[in-house]
Amino acid sequence: MRLMKLLEKLSQKFVLVLICLLSFHNPTLAQDTAADSLFNPDSTCSRLFIYRNRTYPVDSSRKADAEGLRFLLKKVPQSEELLNDYQGRLKTSLIPAYVGTFGGLLVLGGGIIYSDNVPSNVGRRDTRYAFMLSGLFLVLAGYGYGQYALKEKEKALEKAVKIYNDSVPAPERVRVTVTPTGDGGGEIKTEVPF
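Per this note's numbering, the very first residue in the sequence shown carries number 1; after that it's consecutive.
No lab work stands behind these hints: they were computed from the structure. For clarity, every value in this text was computed on a predicted model and none was experimentally measured. We put the beta carbon where it would ideally sit given N, CA and C, even for glycine.
Label-pair ranges, simulated between beta-carbon atoms:
| no. | residue 1 | residue 2 | range |
| --- | --- | --- | --- |
| 1 | Y148 | L105 | 18 to 24 Å |
| 2 | S134 | R52 | 53 to 59 Å |
| 3 | R70 | V118 | 53 to 59 Å |
| 4 | R54 | K159 | 20 to 26 Å |
DSSO-like mimics (lysine-lysine), calculated; alpha carbons at most 27 Å apart, straight line:
| no. | residue 1 | residue 2 |
| --- | --- | --- |
| 5 | K63 | K151 |
| 6 | K74 | K162 |
| 7 | K75 | K63 |
| 8 | K75 | K155 |
| 9 | K63 | K159 |
| 10 | K63 | K162 |
| 11 | K155 | K63 |
| 12 | K74 | K155 |
| 13 | K151 | K74 |
| 14 | K151 | K162 |
| 15 | K75 | K159 |
| 16 | K151 | K75 |
| 17 | K91 | K162 |
| 18 | K74 | K159 |
| 19 | K75 | K162 |
| 20 | K91 | K151 |
| 21 | K63 | K91 |
| 22 | K63 | K74 |
| 23 | K91 | K74 |
| 24 | K91 | K159 |
| 25 | K91 | K75 |
| 26 | K155 | K91 |
Make the full structure from the sequences, and use the hints.
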């Protein structure tokens, strides 16, 4: 009996946390902040690169992400193909948001609202836990898949730049490094050796 009361209190707190997370969650900004990805943007980051002593933006507000690299990557067909793959994966990054939202609706709709309409106490409890556990699973699965998809998407862009660098002469290569900006964000800079 104590376990059931504890689970009810935890489920109520979980619903509040879930509502907060879903209201503030933006799938396009849900990027991993680890330093293992050179092209990992976030809201405080400006992605720029320097090629032949000129600075170019990697991203544009009017075009697809990383479209600024196309003029370089189109010189190597395999790199351009990977860039197209990277940009194509941007649309599939909404799937985890839909799955997580559906999980949240299961928790709210089935776990809280629908379970109150079940006549027996045992049925009400079982219905509530079944909906809440399945909704929680969907929220966590959507988040986990979203993080995995974002990392794989960024790896495709990194691989495109690596293939480009491996196939062009030394003066044409782009060396990418991440340096922090003054406001705590990051900035991508490239160095072209002469």
